[in-house]
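Participant: Here the protein sequences line up with chains E and D, keeping their order. Residue numbers for the first sequence follow this note's numbering, beginning at 180 and rising by one. Residue numbers for the second sequence follow this note's numbering, beginning at 159 and rising by one.
Hints in this document: simulated from the structure, not taken from any laboratory. No false leads were slipped in.
Which residues of chain E face chain D? A partial, calculated answer using Cβ under 10 angstroms:
#, residue
1, L226
2, A296
3, N343
4, D363
5, A429
6, R431
7, V440
8, D442
Stretches of chain D that chain E covers, calculated by requiring three or more beta carbons in the stretch to come under 8 angstroms of a beta carbon on chain E:
#, stretch
9, 265-274
10, 405-416
The beta carbon of each residue, even a glycine, is placed where N, CA and C say it ideally should be.
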Amino acid sequence: MPHGPASYGNPMRIVVTAKYVPDISTERGFADGRVVRTAAEGTLNELDENAIEAALQLVEAGRASGAVGADEGEVVVVTMAGPDGDMALRKAFQLGVDRGVRVTGDELAGSDYFGTAAVLAAAVRRLGQEAPVDLVVTGMAALDGLGSVVPTLLGAELGLPTLNLAKKVELADGVLTVTREVDDTTEVLSAPLPAVLSVTDGANSPRLPGFKLIMAARTKQIEVWSPADLGLAADAAGTAGARTEVLVAAPRPPRAEPEIVTDKGEGGIALADYLIRNDLVRPAEETR
Amino acid sequence: MTHSNRTVLVLLDPATEVRPSALELLTLARDLGRVEAVTLEAPTVEVLAQLGGHGVETVHQAELSRDGECVTGDERHLPAVVAAALAAAVRLTDADVVLLPTSFAAKEAAALAARDLGAGLVIDAASVREADGRVVAGKRVFAGAWDTECAVTTDVAVVTVRANSVVARPAPAAVEPVVEGYAVELAPSPVTLVSREVKADTSGRPPLDQAAVVVAGGRGTEGDFGPVVELADALGAAVGASRDAAFEGWWDTYVGQTGVTVAPRLYIGAGISGAPHHRGGMQASQVIVAVNSDPEAPIFEICDFAVVGELAEVLPQAAAEIRRRRG
Numbered sequence: 180m181p182h183g184p185a186s187y188g189n190p191m192r193i194v195v196t197a198k199y200v201p202d203i204s205t206e207r208g209f210a211d212g213r214v215v216r217t218a219a220e221g222t223l224n225e226l227d228e229n230a231i232e233a234a235l236q237l238v239e240a241g242r243a244s245g246a247v248g249a250d251e252g253e254v255v256v257v258t259m260a261g262p263d264g265d266m267a268l269r270k271a272f273q274l275g276v277d278r279g280v281r282v283t284g285d286e287l288a289g290s291d292y293f294g295t296a297a298v299l300a301a302a303v304r305r306l307g308q309e310a311p312v313d314l315v316v317t318g319m320a321a322l323d324g325l326g327s328v329v330p331t332l333l334g335a336e337l338g339l340p341t342l343n344l345a346k347k348v349e350l351a352d353g354v355l356t357v358t359r360e361v362d363d364t365t366e367v368l369s370a371p372l373p374a375v376l377s378v379t380d381g382a383n384s385p386r387l388p389g390f391k392l393i394m395a396a397r398t399k400q401i402e403v404w405s406p407a408d409l410g411l412a413a414d415a416a417g418t419a420g421a422r423t424e425v426l427v428a429a430p431r432p433p434r435a436e437p438e439i440v441t442d443k444g445e446g447g448i449a450l451a452d453y454l455i456r457n458d459l460v461r462p463a464e465e466t467r
Numbered sequence: 159m160t161h162s163n164r165t166v167l168v169l170l171d172p173a174t175e176v177r178p179s180a181l182e183l184l185t186l187a188r189d190l191g192r193v194e195a196v197t198l199e200a201p202t203v204e205v206l207a208q209l210g211g212h213g214v215e216t217v218h219q220a221e222l223s224r225d226g227e228c229v230t231g232d233e234r235h236l237p238a239v240v241a242a243a244l245a246a247a248v249r250l251t252d253a254d255v256v257l258l259p260t261s262f263a264a265k266e267a268a269a270l271a272a273r274d275l276g277a278g279l280v281i282d283a284a285s286v287r288e289a290d291g292r293v294v295a296g297k298r299v300f301a302g303a304w305d306t307e308c309a310v311t312t313d314v315a316v317v318t319v320r321a322n323s324v325v326a327r328p329a330p331a332a333v334e335p336v337v338e339g340y341a342v343e344l345a346p347s348p349v350t351l352v353s354r355e356v357k358a359d360t361s362g363r364p365p366l367d368q369a370a371v372v373v374a375g376g377r378g379t380e381g382d383f384g385p386v387v388e389l390a391d392a393l394g395a396a397v398g399a400s401r402d403a404a405f406e407g408w409w410d411t412y413v414g415q416t417g418v419t420v421a422p423r424l425y426i427g428a429g430i431s432g433a434p435h436h437r438g439g440m441q442a443s444q445v446i447v448a449v450n451s452d453p454e455a456p457i458f459e460i461c462d463f464a465v466v467g468e469l470a471e472v473l474p475q476a477a478a479e480i481r482r483r484r485g
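Here chain D stands alone, though its shape is the one from the complex (with noise of 0.2 angstroms):
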């Protein structure tokens, strides 16, 4: 902890859970300053007493109206709508700093609310961290090749996280929070909401944006996930494809530069080449594993352990051996 006066507000949207990734942003925002969290909606029991445990004091609840009409359901989540809410709660406790995940939505969220607010901004950083009395973002940058830091010039900064970026903990000594409704008047919207809907996950597996051990399937798996997913469930991983096999339709969410970036600690790569677009989804992660046919795969120029061999056969096999030694 620092004793920097510092307020950090962070994004928790939807307030109905605590991800993994908004613990790390609170483990990351206590070592630049007090920490309040923001929300578009009220946070149920569960959630505020996890805020409680990593130091949230208070949470700052957005009351959105337009027009003298309370804005509530679904529209409380798009982008603008969040943007304003950060924006208005960042004048109200004059707050430093923003952290917000580095999901689309919400870097959509974070663009509006510093050119709203005239801050600086860094997508996707890695780190955070005070120096000189400026904030510094690092970023990892060209598929991981490279490492970057940059300081905000602003008075305000706002920043999106990856996932995976510090491991979180809980705050010294847990703190009761206080949430604290706020008015937020929204502008009129050109933009309308049709409808949304959120993938209900009943897989029990961790979401690949966020999970710490991630195994991906590609064209070798000629559309059969089973081994990739008996890998996975063994090791109590996510599972991810590259491009093309989600583009046949083989699994609906894949890691590569347009899909999900991965960072995770252990990301094993099954049946995938390692073109450029999936690299620069997963070479930033710590621990690389290939299982490849092809001993000439690009993918083994950046992995740390590989096989050579085929997946239907090598996945199952490492999950019962994995079974079996842990008992």
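Extracted from the complex, chain E is given alone in its bound form (with noise of 0.2 angstroms):
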């Protein structure tokens, strides 16, 4: 990716990942082995609209320095999906990018870690032979695998350096610095542009879409671009890249029916009894 000189006072131009999920409150499930993505229950990955809000809020700043210009610096939404995934970009429209790209095709289905990283490092790498690129950010996980792992690896195969799980995220002449709270520990690290960035769900508050912005979305136009359009290999990505291969995939028999109490005084006691009736409090001498 061409480098690009970027700190406040220069327009940023930021590319922001997307997926296309399974709405969490809805039921989800598998068939042959994927993960089922179906226009009514699908969503923009809730936690990428923190990476949304991150990359406007940089954008905005240095519109608001009045170090560039009010209609300078730019905001590209990349997602790898299918159809259906227009969904999830028409979401990111309402929130206020500029732009909003697919990546699509049947050989990407049954993608691994890899393939997917592989396939949004591509993507990147062409938006970046249009202008520079000076970050790409992403949200902490997608809430449909929760692997956590694909903003590592991308930032791995664009060769940039690769900040995670930021909570908060500060730029100054070039250099971007984050504080995270992973695990029990609390790290601040920093890293030049451009880079990778990942964002918590603790970063920020995602703006509410306006009015203007749900008018302008529906009708917005969509890039879609082929993995050869991208130059990628045919075994770069989907199930012939993959380095595991789903063997099982079934639902997990329904929970028999709950032990249900109303309090009338003696609550406490009826709870105390059935953690003790079900072996589930350990002798004195084993808790701390």
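Could you use the hints to bring the two separately framed chains together as a complex?
Facilitator: Structure, rendered in structure tokens:
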């Protein structure tokens, strides 16, 4: 990717990667070892809204500083999906992103983490050929797979420094500094742009779509690219390139009907009784 | 124990303690083949004894350098550094499988190591076994509603395993581990570690991500986690919150899809309605108990036992009864 001079003072060009996922409040399932994604119940991965928000804020901060023009800077959202994935891009348009790209092709189905990262990286590189990309922003995870590793692999694929799971993001003089709280550790990390950044759901509060943007999003042009457009080899992604093979995907049996007690003064005793009866209370010497 | 001639590497980072999840990894690893550990620092005497008790014959201790300079200190724990150490250890030992815990940092390290090695990657496995000469990992997905299994089709498999996947058990016979250093040359890093701080846990409670019992509080606590903590302490449990409660600042760690994913033997949710985000972080728990004043709370749809009532009354009463009956 061409390296552009990037900091406040120059308009920022940011790519956000997004995923079209089944709505987590609906029944989700598999068919032929792959996640079922249908238009009726699919949505923009909620955590990608935090990525879009972070990108918009960075572009807007540049404009607010007065150093760049009010129409300078750009946020491009890229998704790898079938035609239903346009719903995710329309949602991104509603939030105010400038461009939406869908990378699509039957041969991409069944991509593993590495294949997904390879496709997204190829799309970022192509955008970089048009004009330098300063930053790639992703959400912390997709709410269907929850792997959280594609941002890391995307950074490695692009050969860019990667700052993951940022709760706080600062940009000064072309250097990005993030604070992340992962597991039991707080880290402050920094890297020069261009870079890959993933943000958590605690990083910001995504904006609500505005009426004008909602109207405009309906008819906004979506760019559709094929793997061939991106110069991807046939086994770069999809089932052909996957390093794992799904053997079984089966729904678990529903839980038995619960035992429900309404507290009339002895609810706590009933709870203790249930735990002891089911051997869920360890002896005193084992509890700390 | 199988008679497989596989070599299985287990990441132990930090090497100053053996967490419950590490013992579980060693237990799983012994069923797959010969177990060796990888560390980024010298293991303590106590750690070595524990590793020996779990059948670890060799500990590979990475000796990190960059441009001829030794790399020490906090930077050793960065995912890119851990990944380089793991990849070098696989090449050194010709290992077939690498097992790591499912922490955010370990997932990053696993991804980078797998990429470097051209290895298949499974994140958050609930089981790992061998079938027809391949490593097969089981996962519980979609908030615990589906079980999947996938086979790794490459020579090397890198797998992160969720806590409480197996009951840790020591090896039939303890061994005396040998620590062997090996050189790892690190590439220049474009990322600078400005600061790193590990939260000291002085609560005396087990860590949330590894605990066998978890008591979690939500909006219904109205900010008072006293009753939640009291029941947790009576049970020797870890304490967590819902995302809402954590974002309110009522507790610092939360259970949920983007927080800590837990699958304990017993999960008790108090004043938690059971929004999809939360359910995604706990629905794989073995036994689920809910206490909520709202009889329509969605969490009642996925629980085994529930009390409809005020948590401020129910929890302390339950804690007192447990203390009394346990004597």
